[in-house]
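> Full structure from sequences and hints, please.
Number of protein chains: 4
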Amino acid sequence: MNQFGTLFKLQIFGESHGACVGVVIDGCPAGLPLKVEEFEVDMERRKGGKQKGTTPRQEDDMPIFKSGLFNDITTGAPLTMIFENNNTRSGDYEKQRAVPRPGHSDFTAHHKFGGFEDYRGGGHFSGRLTAALVGAGVVAKKLLKNITVEAHIVSIAGEADVEKGIQKAIDQKDSVGGIVECTVKGLPIGLGEHFFDSVESLISHAVFAIPAIRGIEFGTGFAAANMFGVDHNDAIVDASGKTKTNHAGGVVGGYTNGNDLVFRIAVKPTSSTPKEQITWNWETNEQETFSVKGRHDLCIALRVPVVLEAVTAIVLADLMMREQKIPRIIQ
Amino acid sequence: MNQFGTLFKLQIFGESHGACVGVVIDGCPAGLPLKVEEFEVDMERRKGGKQKGTTPRQEDDMPIFKSGLFNDITTGAPLTMIFENNNTRSGDYEKQRAVPRPGHSDFTAHHKFGGFEDYRGGGHFSGRLTAALVGAGVVAKKLLKNITVEAHIVSIAGEADVEKGIQKAIDQKDSVGGIVECTVKGLPIGLGEHFFDSVESLISHAVFAIPAIRGIEFGTGFAAANMFGVDHNDAIVDASGKTKTNHAGGVVGGYTNGNDLVFRIAVKPTSSTPKEQITWNWETNEQETFSVKGRHDLCIALRVPVVLEAVTAIVLADLMMREQKIPRIIQ
Amino acid sequence: MNQFGTLFKLQIFGESHGACVGVVIDGCPAGLPLKVEEFEVDMERRKGGKQKGTTPRQEDDMPIFKSGLFNDITTGAPLTMIFENNNTRSGDYEKQRAVPRPGHSDFTAHHKFGGFEDYRGGGHFSGRLTAALVGAGVVAKKLLKNITVEAHIVSIAGEADVEKGIQKAIDQKDSVGGIVECTVKGLPIGLGEHFFDSVESLISHAVFAIPAIRGIEFGTGFAAANMFGVDHNDAIVDASGKTKTNHAGGVVGGYTNGNDLVFRIAVKPTSSTPKEQITWNWETNEQETFSVKGRHDLCIALRVPVVLEAVTAIVLADLMMREQKIPRIIQ
Amino acid sequence: MNQFGTLFKLQIFGESHGACVGVVIDGCPAGLPLKVEEFEVDMERRKGGKQKGTTPRQEDDMPIFKSGLFNDITTGAPLTMIFENNNTRSGDYEKQRAVPRPGHSDFTAHHKFGGFEDYRGGGHFSGRLTAALVGAGVVAKKLLKNITVEAHIVSIAGEADVEKGIQKAIDQKDSVGGIVECTVKGLPIGLGEHFFDSVESLISHAVFAIPAIRGIEFGTGFAAANMFGVDHNDAIVDASGKTKTNHAGGVVGGYTNGNDLVFRIAVKPTSSTPKEQITWNWETNEQETFSVKGRHDLCIALRVPVVLEAVTAIVLADLMMREQKIPRIIQ
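Just so you know, the protein sequences line up as chains A, B, C and D, in that order. The first sequence: position 93 = 92 (numbering that gives the first Met the number 0), numbered continuously. The second sequence: position 214 = 213 (numbering that gives the first Met the number 0), numbered continuously. The third sequence: position 185 = 184 (numbering that gives the first Met the number 0), numbered continuously. The fourth sequence: position 315 = 314 (numbering that gives the first Met the number 0), numbered continuously.
Since the hints were made in silico from the structure, they are not lab data. Check each hint, because a few of them may be wrong.
[Unchecked claim] To spell it out: a stretch of chain B is covered by chain A in this simulated footprint if at least three of its residues, at any positions, have a beta carbon under 8 Å from a beta carbon of chain A; those stretches are:
1. 14–21
2. 27–41
3. 78–85
4. 121–129
5. 268–282
6. 307–315
[What the hints assert, rightly or not] Non-contacting residues of chain A with respect to chain D, defined by C-beta distances greater than 10 Å in every case (computed):
7. L6
8. R44
9. N85
10. A234
11. A238
12. E275
13. T288
[To be verified] Heads up, simulated DSSO-like pairs for lysine-lysine below, C-alpha to C-alpha not over 27 Å straight-line:
14. D:K163 to A:K8
15. C:K324 to B:K144
16. A:K324 to A:K184
Computed from a predicted structure; not experimentally measured. Just so you know, even glycine gets a beta-carbon here, dropped at the ideal spot from N, CA and C.
Below, the structure is given as structure tokens:
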């Protein structure tokens, strides 16, 4: 469902071409000052508006607080933020109704919801929903105080240089994917809960809510499968738990170990590509060749870092609260 | 925590060197016939007893039903299975008390639980707990009927041949990791729930509860990050949603699309290795060199396929119930 | 928290004098037609506007749909409804800031949230929040189809006649309480879940979310404590489970038994009364005598029946979905 | 389901005539010393063995710890307690298979679980399950330290004197009900969570999991419905929130207010009565007159006080943890 968290609980809602997308944060501590301006940097990063390879859709994308804030301070009651959709052109999409786009949720959502789904621009399955995640992430980051959560692009289309990767997409008139890495500094030892609520379980759970993610690995990740044990183990070098290497990516036994938490995710190429593709037309009941028109990112990975930071901060804020390291009243 | 699931709910418990490990399944439909013999194959696979590279610890490992079964049929009440620990040698571990083993939960669990954790053989953090997962997996597989869940080893220590990979470990007197792949056939279209409860979110959540897992990828996974969109998208070739390729690994928009569900996980080398390692001694407050004695797998990945099948079946049984495709009374 | 339900899940938010109150319904089946007009009767009943004994605050109180509806039909995505606050006079309340009103949440909320709570008109603790419950109740009732949920006033101020009870309040220049009874007809046998999720557990959980409720009893209720077993037991008179009497109130062993579900709740007198009362002034740190000014109901119980129906329908819709008696797509 | 709690989470299981009943407590803080002897008093109270009016079934009823305890101290891992069933006589029950007993779950459970339920002695629906609640309650009470939870019988069969009430049952050769009151002293201000998780919501939720409960009321309860506001409101007389009266029963706005928490519950007469009753025979498909044989309490209310204390302590321990007033490691 659209809910996540144990004490810092999110409820996400909205559609790409409906009135808005939004989020309710239930369980946010009281006493946290919040101003709209504090959302500007992250919301802008999500839009990626000035980057080559992202779409020209321009939105203000600033949260409108509907509840839970009084005199610019959280009250402890559910904090509701809405991001209005002002700049939608549904017409671009409606003609594609009978033609499920490969790589999109068109086909699966249609089956699951019997054709009642809002199909305009991906509806509830749109990347537009990540605005709500980023908004909640800003709140979570503030709660985390001196813990820093930073994600950056490792590669685009296999190139370590973003420019070069995007150029590949432009040259090929196609979309491309990328790898994003997230690093969290300043974590206490022992965040994470037993068994099913390991740090990796919760982060991966939240990460795969982001559209277009195909994989996640912690620390050395898939490369660990090819290593010897003595090389992979991180030697503990002092009483604080500092390790010589960080192949574990900062999490051992499901708990943070006080070293940097490090993980990487794989972002697939944008499903919407200008190239011709084959799909099945439900009306003609025949194969059809088509190409996607309208505004689309060449590389959705460019927008992902801030979203990845957001879901990571959301998970960590919840774990900090479970560990009683964030109080119920911020003062 | 040690609970997982929405309608088919697990509660895991137990320790490596305590009385037992076990699981309560809350929400299991009534009317499912269950005999102890049906657990034999999977429990045996988990032990991997005859394989080179797994430890000689021999246990019967068969479930003792404590509740929820009447005349060998589930009643709909919580189904409790216990796996007794008969063959433990705690002495092997106690001398290591002051010396947290690198790669193990010794250090992090000690911090989180203030030294009250049961440290014998990894306690609640031991791979022994996977017996409970496998037991629950047998039940879940029966509920899935004609849906088949099969995992196999893709590589050990970078070698596609298991024998060769294990030989590397033996030659090096060290432990090694591996890659395991899981394929599910026969799934309906539309399993998975909105946003946070996508198929990938739930499976990865459960997968990272298995000790030693460092990464997961669906379909083409990390390789997708290097592909062009037109190559990655799977062309839909008929009304049933069959696709020409399966780069998506059978899940689009968070929902199954009727094609095979395919994903891979990375298993790190066993943390316990006969090689000398460096760690910090809490008592002497000095660095210490040591090597792990006692029974240990050279390659924990060998035991993982059946555990991976189990958690996958558990997630899918829950989603099938949410989708009303498994009834509350099996008949 | 402000969330409730397993498959039909509510998230409530908002404040009395903020922008709005609202509710997100996560898990509402797709395919349910919904028009604003369908909310009119129940929203109007909640306002109780024309009745003696309720306050003159006039609001439109009609839901604004923010998500989850497309072409007037639910999509299966989270359904968000907002009820705007247009007619608030905060000035009435601000001067009472240092004087916690007896019987209100002023004192307890102030302690719990460190003074950051929105205190205007009760803030998040206001009866205004029941608008969101009633809105969700309209949706739940539609899902229940032929199951009817009806609540009515049994007594006001101890009088079986509403008029007479209210007149007592008017004569005394004080507020009064009342008893409300709810009857549900047409339920299948077997709704309710094991142990903690009995029908009584879930209904009472939801009922005590309504402000001012002090007690609940099912069937014969408290009177059962004075009965003999043979008199209290309901004789089963046919194969359908019909009983000769209904002392059980339609629920046995935590499950509905196919007879009418019947329960009653006690509503305390409105805490805000024109009479003089004693409380503690936080600023002067002295006892203080005061009387509440502003708009207030003489008898909040008059508004309760429709709210009680709402929470009952919400619980039952969830249980019907758990029992697979409401499909995921309404057709 | 059989799970309850947010941070201090119970999973109940077992049947009256199966191997055992039991409970897993997931989330119990580490560092709490626990010895079997500490369960003796409460387990004995539950059996009520020496009282007139309770059945002669004798069991040891002491918990066997299966996990979560190491050197007699909780580890923070799931704490599993089992209560073995040693003294069952299934023969008493099997002949009644086709004859659902009025007032029991026989009829409803049979419908819900399609005849697969364990019907012996009430199976999973038996009062025997309350042993698990009382066991968990002992742990919860220890966590609550200086907060005292005490329940006592207010009346039996309408008589304030227990002896007299039981004598009524003996004279009539029938079963009787009673009223039980619970008082909690020493609570901090502000326990309880917003809206759906008010103190009353959570306590009533847990209370109605106890078999045979028909009603609950807080403070003045149902009598409040007949009072005037000025009489019902409790005047706040000092800065600590102490009130002159306690009509609220210690909870205002869903939160504890620092005064004694007081509530009462109604227990119906034991459904099993020696008197002749009418029911429907599924096999003959005819009405049948029968009377219950075997061991049964004349008055189940006699056993209820300790169970009521248990569920109350369980709810309050969870709320104390949510409020960060019980640490994760007890020291």
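> Run every hint past the structure and note whether it holds.
Now the hints, each set against the structure:
Evaluation of the coverage hint for the stretch 14–21 of chain B: breached, as 0 residues show C-beta separations to chain A shorter than 8 Å, against a requirement of three. For the stretch 27–41 of chain B, the stated coverage by chain A is not satisfied: 0 residues place a CB nearer than 8 Å to a CB of that chain, which falls below the threshold of 3. Taking a C-beta to C-beta cut-off of 8 Å, the stretch 78–85 of chain B contributes 0 residues in contact with chain A, too few for the three needed, and the coverage statement is violated. With a threshold of 8 Å between beta carbons, the proposed coverage of the stretch 121–129 of chain B by chain A holds, since 3 of its residues qualify and at least three are required.
Look at the stretch 268–282 of chain B against chain A: 12 of its residues bring a Cβ nearer than 8 Å to a Cβ of that chain, three or more, so the hint holds. Under the rule that three or more residues need a Cβ within less than 8 Å of chain A, the assignment of the stretch 307–315 of chain B is violated, with 0 such residues. Non-interface status of L6 of chain A relative to chain D is broken: a Cβ of that chain comes within 10 Å, the nearest being about 7 Å off. Against the 10 Å criterion, R44 of chain A stays outside the reach of chain D, whose nearest CB is about 32 Å from its own CB.
Every Cβ of chain D is farther than 10 Å from the Cβ of N85 of chain A; the closest lies at roughly 32 Å, confirming the non-interface assignment. Consistency note on A234 of chain A: stated as away from chain D, and its beta-carbon is indeed over 10 Å from all of that chain's, at 27 Å minimum. Listed as a non-interface residue, A238 of chain A keeps its Cβ farther than 10 Å from every Cβ of chain D; the least gap is roughly 19 Å. Separation of E275 of chain A from chain D is adequate, the least Cβ-Cβ distance of about 51 Å exceeding the 10 Å criterion.
Distance check for T288 of chain A against chain D: the nearest CB is about 50 Å away, which clears 10 Å, and the non-interface claim stands. Among the hinted pairs, K163 of chain D with K8 of chain A is inconsistent with the structure: their alpha-carbon atoms are about 52 Å apart, more than 27 Å. A C-alpha spacing of about 22 Å is found between K324 of chain C and K144 of chain B, which places the hinted pair at or below 27 Å, so the restraint holds. For a cut-off of 27 Å, the pair hint linking K324 of chain A to K184 of chain A stands: about 16 Å separates their Cα positions.
Comparing the model with each earlier hint shows violations of hints 1, 2, 3, 6, 7 and 14; every other hint is respected.
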